[in-house]
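Put together the whole structure using the sequences plus the hints.
If you count by mature numbering (1 follows the signal peptide of the UniProt record, and there is no 0), then the sequence shown holds residues -22 to -1, 1 to 216, one letter each, in order.
By construction, these hints were calculated from the structure, which means they are not laboratory data. Predicted model only: the values in this text are computed from it and were never measured. Ideal Cβ positions, reconstructed from N, Cα and C, are used throughout, including at glycine. Check each hint, because a few of them may be wrong.
Straight-line Cα separation of at most 25 Å, DSS-like style, residue types lysine-lysine; simulated pairs [what the hints assert, rightly or not]: (1) Lys81 - Lys91; (2) Lys92 - Lys60; (3) Lys124 - Lys81; (4) Lys81 - Lys111; (5) Lys111 - Lys91; (6) Lys111 - Lys92.
Have a look at the derived ranges for each label pair, beta carbon to beta carbon [unchecked claim]: (7) Gly110 - Asn55: 31 to 39 Å; (8) Val51 - Asn194: 41 to 49 Å; (9) Asp167 - Thr144: 28 to 36 Å.
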Amino acid sequence: MNIRKILSLVAASMLLFNVSCSTDSSFEETIDGTLRFDSGVIISNEGGFTTTTSEVSYISNNLATVFNKIYGVNNNNEPLGKVLQSIGFNGDRAYLVSNIPNKIDIVDRYTFKKQTTVTSNLDGARYIAFSGKQYYVTNSNFDTHKRKLNVYNISDNSFVKSIDLTNAAEKVVEANGSIVVQSDGVGYDANWNAIPTGYTVTIVNPSTNVISQTVNLPNEGIIRDLISYKECLCTGFG
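Next comes the structure, spelled out in structure tokens:
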């Protein structure tokens, strides 16, 4: 998602995932007849900033089948939220990170049936990454300018700690045994004009959950994407 446009009413980001070694894109069913959303593409529909329209769609690999609103349909039409910021995958679970309201809905990644919801210490939840027995969630509150990386235990989703960041916290990935945070982004003035907050990538040691290094980037533009420890796409601001 273009991180400058947090007020856009409709946005969608595509997350490709292959959960089967087979090239067969036909649907499988569980014992109770529930559809399995594998061998295809999951699409996170961000929704409107002021309306409860976030949802998730599925497209089969051969593009022949589309299912919309797979979260609501499989959870008694429960609304997902207003701003579905991102989706992360770990094992047989999908983590749906919603910026508004601040929550992470954890679902079975194949059936999208909800298992639990995490809300503890979230404040402008953005993106998620996994390392060992823990997961990491970036938070950026554009009103209070609070920026941090939250750490949670995968086993019981208990909150571990927050790691404060100087600049806006956006994308986060696990790479080369480290947690790498895009601690470069934008803030907003009173008229919601984008303002760069810094030009860094922050590296966290997942064994200690302490910042081990801050990498300074060229003092211009903003990071457009963070792929891994060695792949950081930067472009001019605007």
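Open item on the list: Let me make sure I understand: some of the numbered hints might not hold for this structure. Which ones are they, in numerical order?
Closed with: 9
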